[in-house]
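Q: Chains as they are written, first to last, in numbering that gives the first Met the number 0: chain A, 0 to 333; chain B, 0 to 470.
Heads up, a few of these hints could be off.
Derived pair list, reagent style DSS-like, types lysine-lysine, alpha-carbon separation capped at 27 angstroms [stated by the list, open to error]: (1) Lys314(B) - Lys297(B); (2) Lys297(B) - Lys105(A); (3) Lys247(A) - Lys325(A); (4) Lys247(A) - Lys107(A); (5) Lys107(A) - Lys37(A); (6) Lys58(B) - Lys107(A); (7) Lys434(B) - Lys105(A); (8) Lys434(B) - Lys107(A).
Beyond 12 angstroms from chain A on every Cβ pair, some chain B residues (computed) [stated by the list, open to error]: (9) Trp43; (10) Met66; (11) Leu126; (12) Asp239; (13) Ile270; (14) Gly273; (15) Asn301; (16) Pro311; (17) Arg326; (18) Arg346; (19) Arg350; (20) Tyr352; (21) Ala395; (22) Ala402; (23) Val415.
Simulated DEER-style distance windows between Cβ atoms [stated by the list, open to error]: (24) Tyr317(A) - Thr44(B): 30 to 36 angstroms; (25) Thr169(B) - Ser224(A): 42 to 48 angstroms; (26) Gly390(B) - Tyr317(A): 45 to 51 angstroms; (27) Leu159(A) - Ile11(B): 26 to 32 angstroms; (28) Trp195(A) - Pro435(B): 36 to 42 angstroms; (29) Arg108(A) - Ser212(B): 32 to 38 angstroms; (30) Val312(B) - Gly143(A): 56 to 62 angstroms; (31) Gly10(A) - Pro400(B): 56 to 62 angstroms; (32) Asn295(A) - Val236(B): 35 to 41 angstroms; (33) Gly390(B) - Arg108(A): 52 to 58 angstroms; (34) Pro140(A) - Pro178(B): 39 to 45 angstroms; (35) Ala278(B) - Pro34(A): 57 to 63 angstroms; (36) Pro34(A) - Val236(B): 53 to 59 angstroms.
The set of hints was computed from the structure by calculation and includes no laboratory data. The beta carbon of each residue, even a glycine, is placed where N, CA and C say it ideally should be.
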Amino acid sequence: MTLDLPFIWAGLIAFAVLAYVILDGFDLGVGILFPFVKGERNRDEMMNSVAPVWDGNETWLVLGGGGLFAVFPLAYAIIMPALYAPITIMLLGLIFRGVAFEFRWKTKRGQFLWDWAFAGGSTIAAFAQGVALGALVQGIPVVGRAYSGGWWDWLTPFSLLTGLALVIGYALLGATWLIWKTENHVQRRAYDIAFWVAPATLVLIGLVSAWTPFLNAVYMHKWFSWPHVLLAVPIPALVLVAAFVLLKGLTERREVSPFLASLSLFVLCFIGLGISFYPHIVPNSVTIWDAAAPDNSLAFLLVGAVVLVPIILAYTAYSYWVFRGKVNAVGGYH
Amino acid sequence: MDLFDPLVLARIQFAFTVSFHIIFPAFSIGLASYLAVLNGLGLWTGRSVFVDLFNYWKKIFAVAFGMGVVSGIVMSYQFGTNWSVFSDKVGPVLGPLMGYEVLSAFFLEAGFLGVMLFGRERVGPKLHFLATLMVAFGTFFSAFWILSVNSWMQTPAGYAINANGQFIATDWWAVVFNPSFPYRLVHMVLAAYLTTAFVVGAVGALHLLRDRSNQAARIMFSMAMWMAAIVAPIQIVAGDFHGLNTLEHQPAKVMAMEGHYDSHPDGAPLILFGIPNSAEKRIDYAIQIPKLSSLILKHDLNAPLAGLDTIPVDKQPPVAIVFWSFRIMIAIGFAMLGLGIWSLWLRYRGRLYDTPWMHRAAILLGPSGFIAVLAGWITTEVGRQPYTVYGLLTTAQSASPIAAAAVGASLIAFIVVYFALFGAGTFYILRLMNKPPHPHEPGLDPDEPIRAGGIMPAPAMDAAGALQPAE
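So that you can see chain A by itself, here it is in the shape it has in the complex (with noise of 0.2 angstroms):
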């Protein structure tokens, strides 16, 4: 029996950028929501919280871009170009967060700055990471082995909105993180933020969601027609037993029950563009077949890959068991 290669690493790179969706939403969500928060130390409090795992989540994002240079070359040789201003965007908003994170406590004078640098740099990688999703699935241009649209393609209506969708979204996780993570004042802000944006992010998801089969009939294909539907339904019916948890818990004022319901909606809507993408990796042009390397590429990474990937998921789930309770504005976590 061979192995179908590209079928598994379609499935490790998809892993690859679900969990950098989740770990790393809910610490730019912290950074989104810094400016709702007022207060130094109550800053401190948010900060703190991510600090030890935000930069492990961020990897994830290299491992997946490295990943699909390696796996699926042409795939990474039309999305690249076509997103163009978003990629560079979002790369600089992660500069200035990333860097903030360590030259805040470094000075009392430029703090205000590099505050400004952590919220601003969070929002609009957030927005640019979900400008580049809804420029990716509305689709892109593909001619020959080169993507043959313009630089300003990205931006459409759709793709403002999957911008803002992903913006509420990472704040609905990071506000649900802090209620898990912090006590008091952050803690009471962070309810309130969220009864805010949990509603939000629930019409935007619907709003997403229903615009997306208009957009290609292979969507709406996908989505509605017999035998697709059987697969398709449980995701909209488990999505709506998602938001009634989420709901149910903030009001009942649960403190990680929201949490959880907030990843269990990221983690729906990912295999919900799954099941949009597959068996295409640019959407409706070329399929993961088409674009992964030789075989013996991707043997050559996996031999790697499955060793070095469990252990550092290890890592990264011993650090989070370590990193369990409630963090606080000067002895970190306690």
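Please arrange chain B on chain A, whose structure you already have, making use of the hints.
A: Structure of chain B alone, referenced to chain A:
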């Protein structure tokens, strides 16, 4: 060249972002090893001054490493955004190598960096030493893969070309250990060590000028000068071997480095200085030593050496840039050697810590390693033009189909952001260096998040053992 040509703009952008990036790894590769040595010496001798030095340089390492990571993320996307045709064609060969770099860097960050930065008290000195060694090994491993990728582009091997026009690997061993890789790896790792040694030496010299009795400053200065005295000559020899390898595989690059527009059938001169005149195809005001170039490159005074006149004009690299950057690198290399020899003499006379002019010279040469590294990379990268994959894929064929306006706008954004943010980071590093090292040098404040903290910093170990989770 048209400045509004998207190809030119994309090249400037790549050169700018990669040049900014290389500064940080060049420093952190060397510093990681230095930290491992300090840690080992502390363990071996039991002297607390080594722990003080370790804590002093660790704080600087954390900032530099963090900036290396964020500027590196940009690089991993730059191939796709600006060099998409290149990515499509070489991805099957180079992608897995880059993938291994990412995996090993990830592994290092996840596992050992946090322990190194925060963990001495928590895991005990021996495990902490092991973590420091692993960080040093990890930075070396990153360099290994990246230099293998770069070397393959310079001297491709172990490949075939498939029906889609993509390079595919036929022999991974030949791909990874391609002909120029061992030379480039040795040359770059030594360069990183020298760069770090001169930074350490300059900081030591600065604090010696202020207080000759500062024990930690004396030790770091002495260690740095040993490195200069020992590694600078080795580096010059390694560079010579690398040059001979280049002559074998990329003769046009060596012609540009040497400024040989013309062929010399009976012994080529070594041009020390001069001004390349590409229009007239000669070196103006050349100061040269007859036949010496043939002696260096062929080990024979009268060996014939071909010049750029044997290379079609559209296959020649730009001479002036390569000629100058090569000379800057060489000049710095010999200045480093000179300082190393001077230090040996002063050490012999017992005046190493009491010669202010020596210390001033060491401060002056503090940043020289960075300049030499950049000049060396400019020599090799400009010298391989007009190719991205040498002899097989031209730079012009490699670029993305992107409008000049898009590339120009992103270039400006990168320039503004990099100067602002990495300028601030460099300022914080210099401020740390300006503080004298002292006994009981504190480590990092564990409450302060560090960009490079990895996902398992020391509070992890602490929390695992002593602390109770909140209710």
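Q: With reference to the structure, classify each hint as holding or not holding.
A: Hint by hint, here is what the structure shows:
Of the pairs offered as hints, the one joining Lys314(B) and Lys297(B) holds, with about 24 angstroms between alpha carbons and a cut-off of 27 angstroms not exceeded. Restraint check for Lys297(B) and Lys105(A): not satisfied, since their Cα atoms lie roughly 54 angstroms apart, outside the 27 angstroms limit. A C-alpha spacing of about 22 angstroms is found between Lys247(A) and Lys325(A), which places the hinted pair at or below 27 angstroms, so the restraint holds. As the CA atoms of Lys247(A) and Lys107(A) are separated by approximately 41 angstroms, the hinted pair breaks the 27 angstroms bound.
As the CA atoms of Lys107(A) and Lys37(A) are separated by approximately 16 angstroms, the hinted pair is consistent with the 27 angstroms bound. Between the alpha carbons of Lys58(B) and Lys107(A) the distance comes to roughly 18 angstroms, so the proposed pair stays at or under 27 angstroms and holds. Between the alpha carbons of Lys434(B) and Lys105(A) the distance comes to roughly 14 angstroms, so the proposed pair stays at or under 27 angstroms and holds. Under the criterion of a C-alpha separation no larger than 27 angstroms, the hint pairing Lys434(B) with Lys107(A) is consistent with the structure, at around 18 angstroms.
Against the 12 angstroms criterion, Trp43(B) stays outside the reach of chain A, whose nearest CB is about 30 angstroms from its own CB. Some Cβ of chain A comes within 12 angstroms of the Cβ of Met66(B); the nearest lies about 7 angstroms off, and the non-interface call is violated. Leu126(B), annotated as away from the interface, keeps every beta carbon of chain A farther than 12 angstroms; the closest lies near 16 angstroms. Annotated as non-interface, Asp239(B) keeps its C-beta farther than 12 angstroms from every C-beta of chain A; the closest such distance is 34 angstroms.
With a closest Cβ-Cβ approach of about 41 angstroms to chain A, Ile270(B) is found to remain outside the 12 angstroms limit, as its non-interface label requires. Every beta carbon of chain A lies more than 12 angstroms from that of Gly273(B), the smallest distance being close to 41 angstroms; the non-interface claim holds. Every CB of chain A is more than 12 angstroms from the CB of Asn301(B) (nearest about 48 angstroms), matching its label as outside the interface. Consistency note on Pro311(B): stated as away from chain A, and its beta-carbon is indeed over 12 angstroms from all of that chain's, at 28 angstroms minimum.
Distance check on Arg326(B): its Cβ is at least 34 angstroms (rounded) from any Cβ of chain A, clearing the 12 angstroms threshold; non-interface status holds. Against chain A, the non-interface label of Arg346(B) holds: every CB pair exceeds 12 angstroms, the least being about 37 angstroms. Distance check on Arg350(B): its Cβ is at least 38 angstroms (rounded) from any Cβ of chain A, clearing the 12 angstroms threshold; non-interface status holds. The claim that Tyr352(B) lies off the interface holds: its Cβ sits roughly 31 angstroms from the closest Cβ of chain A, which is beyond the 12 angstroms cut-off.
With a cut of 12 angstroms on Cβ distances, Ala395(B) stays outside the contact zone with chain A, its closest approach being about 15 angstroms. The claim that Ala402(B) lies off the interface is violated: its Cβ sits roughly 5 angstroms from the closest Cβ of chain A, which falls inside the 12 angstroms cut-off. Distance to chain A contradicts Val415(B) as a non-interface residue, since its nearest Cβ pair spans about 9 angstroms, not more than 12 angstroms. Checked against the hint of 30 to 36 angstroms, the pair Tyr317(A) and Thr44(B) passes, with Cβ atoms roughly 34 angstroms apart.
Here the CB-CB span from Thr169(B) to Ser224(A) is close to 44 angstroms, well matched to the stated 42 to 48 angstroms. About 49 angstroms separates the C-beta atoms of Gly390(B) and Tyr317(A), a value consistent with the hinted range of 45 to 51 angstroms. At about 31 angstroms, the beta-carbon gap between Leu159(A) and Ile11(B) stays in the expected band of 26 to 32 angstroms. In this structure, Trp195(A) and Pro435(B) break the distance hint of 36 to 42 angstroms, their C-beta atoms being roughly 52 angstroms apart.
Arg108(A) and Ser212(B) have their C-beta atoms about 34 angstroms apart, which keeps the hinted 32 to 38 angstroms range intact. A beta carbon spacing of about 31 angstroms between Val312(B) and Gly143(A) contradicts the range 56 to 62 angstroms that was offered as a hint. Taking the beta carbon of each, Gly10(A) and Pro400(B) are about 30 angstroms apart, not inside 56 to 62 angstroms as hinted. About 38 angstroms separates the C-beta atoms of Asn295(A) and Val236(B), a value consistent with the hinted range of 35 to 41 angstroms.
For the pair Gly390(B) and Arg108(A), the beta carbons lie near 55 angstroms from each other, so the given range of 52 to 58 angstroms is met. For the hinted restraint 39 to 45 angstroms between Pro140(A) and Pro178(B), the CB-CB distance of approximately 41 angstroms keeps it satisfied. Hint check: Ala278(B) to Pro34(A), Cβ distance near 58 angstroms, so the stated range 57 to 63 angstroms holds. A hinted range of 53 to 59 angstroms holds for the C-beta pair Pro34(A) and Val236(B), which are about 58 angstroms apart.
The structure fails hints 2, 4, 10, 22, 23, 28, 30 and 31 (numbered hints given earlier, in ascending order).
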